[in-house]
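Line by line, the protein sequences give chains A and B. Just so we're aligned, residue 1 is where the first sequence starts under our numbering, counting upward by one. Just so we're aligned, residue 1 is where the second sequence starts under our numbering, counting upward by one.
I should point out that these hints are in silico values taken from the structure, not numbers from a laboratory. Don't take every hint at face value.
One-sided excerpt, in silico: chain B residues whose CB lies under 8 Å from chain A [claimed, not checked]:
hint : residue
1    : Asp130
2    : Ala133
3    : Leu137
4    : Ile142
5    : Leu294
6    : Leu297
7    : Ala300
8    : Ile301
9    : Ile304
10   : Ile308
Note that beta-carbon positions come from the ideal geometry of N, C-alpha and C, so glycine has one too.
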Amino acid sequence: MLSTLFDGLSLGAIYALIALGYTMVYGIAKMLNFAHGDIIMVGAYTILTTLTMNGHPIIGVVAAVLVCTVAGIVIEKVAYKPLRGASPLAVLITAIGVSYFLQSVAQLIFGSKSQAVQLASFGTVKIANAEINIGTLITLVVGAVIMIALTLFVKYTRTGRAMQAVSEDRGAAQLMGVNVNKIIMITFAIGSALAAAAGVFYLLQIPAVSPTLGSMPGIKAFAAAVIGGIGSIPGAMLGGVVLGVVEKFALSVPALAPYATAIEFALLILILLVRPIGILGKKRREKV
Amino acid sequence: MNYFKNIKNAFKFKNCINYIIVGAMLIISLVMSSMGELPRSSADLLAQMGYSILLAVSLNLVVGFLGELSLGHAGFMCVGAYIGCYFANSLYEVIDSKLLVLIISMLIGGSVAAVFGLIIGLPALRLKGDYLAIVTLAFGEIVRTIFKNQPAFGAALGLSTKRFGSDLYIVALIVVLISLFLIQNIIRSKHGRAITAIRDNEIAAKAMGINITYYKLFVFVFAAFFAGVAGVIFGSKVTPVTYSFFSFNYSIEILVMVVLGGMGNITGSIISAVFITYLNFQLQDKLPGELAALKYLVYAIILILVVIYNNAPKLAALREKLSISNAISSKKKSKNPAAQHDDKNRWDVVPTKIPMDEIVSTDLKQEKAYTPDKPEKGGTE
Numbered sequence: 001m002l003s004t005l006f007d008g009l010s011l012g013a014i015y016a017l018i019a020l021g022y023t024m025v026y027g028i029a030k031m032l033n034f035a036h037g038d039i040i041m042v043g044a045y046t047i048l049t050t051l052t053m054n055g056h057p058i059i060g061v062v063a064a065v066l067v068c069t070v071a072g073i074v075i076e077k078v079a080y081k082p083l084r085g086a087s088p089l090a091v092l093i094t095a096i097g098v099s100y101f102l103q104s105v106a107q108l109i110f111g112s113k114s115q116a117v118q119l120a121s122f123g124t125v126k127i128a129n130a131e132i133n134i135g136t137l138i139t140l141v142v143g144a145v146i147m148i149a150l151t152l153f154v155k156y157t158r159t160g161r162a163m164q165a166v167s168e169d170r171g172a173a174q175l176m177g178v179n180v181n182k183i184i185m186i187t188f189a190i191g192s193a194l195a196a197a198a199g200v201f202y203l204l205q206i207p208a209v210s211p212t213l214g215s216m217p218g219i220k221a222f223a224a225a226v227i228g229g230i231g232s233i234p235g236a237m238l239g240g241v242v243l244g245v246v247e248k249f250a251l252s253v254p255a256l257a258p259y260a261t262a263i264e265f266a267l268l269i270l271i272l273l274v275r276p277i278g279i280l281g282k283k284r285r286e287k288v
Numbered sequence: 001m002n003y004f005k006n007i008k009n010a011f012k013f014k015n016c017i018n019y020i021i022v023g024a025m026l027i028i029s030l031v032m033s034s035m036g037e038l039p040r041s042s043a044d045l046l047a048q049m050g051y052s053i054l055l056a057v058s059l060n061l062v063v064g065f066l067g068e069l070s071l072g073h074a075g076f077m078c079v080g081a082y083i084g085c086y087f088a089n090s091l092y093e094v095i096d097s098k099l100l101v102l103i104i105s106m107l108i109g110g111s112v113a114a115v116f117g118l119i120i121g122l123p124a125l126r127l128k129g130d131y132l133a134i135v136t137l138a139f140g141e142i143v144r145t146i147f148k149n150q151p152a153f154g155a156a157l158g159l160s161t162k163r164f165g166s167d168l169y170i171v172a173l174i175v176v177l178i179s180l181f182l183i184q185n186i187i188r189s190k191h192g193r194a195i196t197a198i199r200d201n202e203i204a205a206k207a208m209g210i211n212i213t214y215y216k217l218f219v220f221v222f223a224a225f226f227a228g229v230a231g232v233i234f235g236s237k238v239t240p241v242t243y244s245f246f247s248f249n250y251s252i253e254i255l256v257m258v259v260l261g262g263m264g265n266i267t268g269s270i271i272s273a274v275f276i277t278y279l280n281f282q283l284q285d286k287l288p289g290e291l292a293a294l295k296y297l298v299y300a301i302i303l304i305l306v307v308i309y310n311n312a313p314k315l316a317a318l319r320e321k322l323s324i325s326n327a328i329s330s331k332k333k334s335k336n337p338a339a340q341h342d343d344k345n346r347w348d349v350v351p352t353k354i355p356m357d358e359i360v361s362t363d364l365k366q367e368k369a370y371t372p373d374k375p376e377k378g379g380t381e
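Using the sequences and the accompanying hints, generate a full structural model.
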C-alpha cells in the first residue's frame, strides 16, 4: 500500500515535470506543444549515446538537458514562430508534425527496437514495512526540488515576472517593454530542460529507450496538465501527481490493471465535464 | 422554378467533381476487372482507398466545417469495426447473402459509432478547442483499451472476421458515393451554412439564432456514423481486427489527409486520401525495415510545410500571389468591369471591405486585434 503510494508519487513527479512544460508553453505562447513528449525521447537517446561512448552517467544527464534545451529552442524557431498569430488549430497540427518528425528521425538513426539503458541501479530501503526503491525516492525528492525552484523562479525573478505578464496579456506586456519573443524562447528552453529531467527519471523507472518512448507519457502528462487546469503551474504539479497515483493504484488492483490507461483518461473526461477549465484553471471570459 | 434551378445547380461541374472522381475510379476498375486485368492487390488497394475517403471526408466535417479538432476519429472507426463485425459474424449463420450481411453490419456498426459520437459530442458542448482535442484523444484510447480486454471480442489477439472477398471495393466505392451525396447536400443546405457559421464565430452564430447544441451534436454523430461504416469495411477486408491498429497515430494519419487536402474542402480530402493510401501501399513493400520510418518523416515534413504555408501571417502576400482561385476570380472580374465597385470612394456609405473577424472576434485572433504598431486606416497622426 505504502510502496504503491510512493511509486505513484514518483511517477506523478515525472508526469508533473512533463506537464509543467506543456502548461508553461500553453500559458505563454497559447499553443499546445504536442512534440513536448518526444523531447523526453531525445533526452533518453542522448543519454544512450553518451553511455555507449563510455561517458559517465552524470555527463549523460547534463548532455541530455543541454541537447533538449537546444532542441526545444530550434523547434520553436523553425516550426512555431512563423505561425505566431495564426489559428490555434494550425499551430497544433504543426506540433503534431514536429512530433512525427522527431520520432521518425530517431527511428532512422537508432532503429525502432527498444534498447536497454542502464543509467544507474539502486537498492531499496525499508520505510514502515514497505520496500521502497531508492531511485523512486530520488525521483520524488529531486522532482520536488525542481518544482519548488521553478515556482520561486517564476514568482521572484525578473524573467519569471515577465513570463507571468506575457501569459496575462501579451499586448500589454509588449507595451511595457517585455521582449515577448525572447520570453517565449526562454519558456520553450525551460520546458524542454524539464522534459529532459523527466526523461532521466523515466529511465530510472523503465531502463529502455525506443523512438515512441515519449508519446504515451507525453499524452498522459498533457492530460495531467489539463486536469490541473492548463496554464496553471501548481495545477500541472497537482494534475501530474493525481494521475501518477491513480495509475499506480489502478495497476496494483488485478481486476483494474488492464484498464489503467482507460481509467486515467476517463478521470480526465470526468473532471473536464465537472470543471471545464481544470481543477486550478482560471476562468477566462469570452468577449464578443 | 426554384426546384429546376436547384437541379441545374446540381449538375454544375463544380458540384459534381467529387462524384466524377469516385465514379471514375469505380468504372475504370470495374472495366479492368471484367477484362480480368485487375490484380487482387489493386482491388484491395481500392477498398482501402474507399474507407480512407470515408474517414477523411467525415473528419473534415468535424475539423474543416465545424472547426473543432478531433483526435479520436480512429476510435469511432474502432467501435464500428468491432461491433459491426461482431454482428456480422453471427449474422452469417442466419443469412446466406454476403452482401446483405455487409450492408446490415455497416448500418449497425455505423449506428453504434454514432451513439458514441453523441456521447463525445456532449462534452464538446462545454469544451473548446484544445480541451476538446484532448477529450477526443482520451476517448480513442479508452475505446481501444476496453476492446483489448474483452474476451468476447478476441481480447489482445483481435476479433477474427469473415473476409468479404475481392469484390469489396465495389461496395466500398458505392458506399463512398452515397455518403458523398449525403454530406455534400447537407453542407450546401441551410444546415451546412449554420455549421460553418459556428466555425467562423460561435458567439455571432448564437446571436443569429443558430442552435449550437443541435448542430454540434449533429456533426459529431454524423461524422461518427461514417467512421463506423468505414470501420466495418475495414473489418471485412482485414482479419483479425486488432486494437493496435486504431491507435492515436491512425487518427493523426486521417487528420493529415484532411489537412493536406485543405480543411473544409471535400474534393481535397478525397484526393489526398487516395494519394496517401496509394503512397502507403507503395512504400510499405519498398521500404525495408527501419527505412519504413522515412514514410513518417515525409508525412511530417509535408504536414509542417503545408500548415506553415497556409497559415503563416507573414506569408499572406505570397499566398495571394500564388493562389489559383484568386487568379481565376480576378480574370472573371476584369471581364465585367461594371460589376466592380470601388469601395474606397464610397467608404461612408457601404463599409463592405471591413473584415468581420476583426470586429467581432477577440478570442481567436487576439494578436491581430490590437497590434500596437499598426495605426488604424485613415488615422492621421
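Hints, verified against the model:
{"no.": "1", "hint": "Asp130", "verdict": "holds (5 Å)"}
{"no.": "2", "hint": "Ala133", "verdict": "holds (7 Å)"}
{"no.": "3", "hint": "Leu137", "verdict": "holds (7 Å)"}
{"no.": "4", "hint": "Ile142", "verdict": "holds (4 Å)"}
{"no.": "5", "hint": "Leu294", "verdict": "holds (7 Å)"}
{"no.": "6", "hint": "Leu297", "verdict": "holds (4 Å)"}
{"no.": "7", "hint": "Ala300", "verdict": "holds (4 Å)"}
{"no.": "8", "hint": "Ile301", "verdict": "holds (7 Å)"}
{"no.": "9", "hint": "Ile304", "verdict": "holds (4 Å)"}
{"no.": "10", "hint": "Ile308", "verdict": "holds (5 Å)"}
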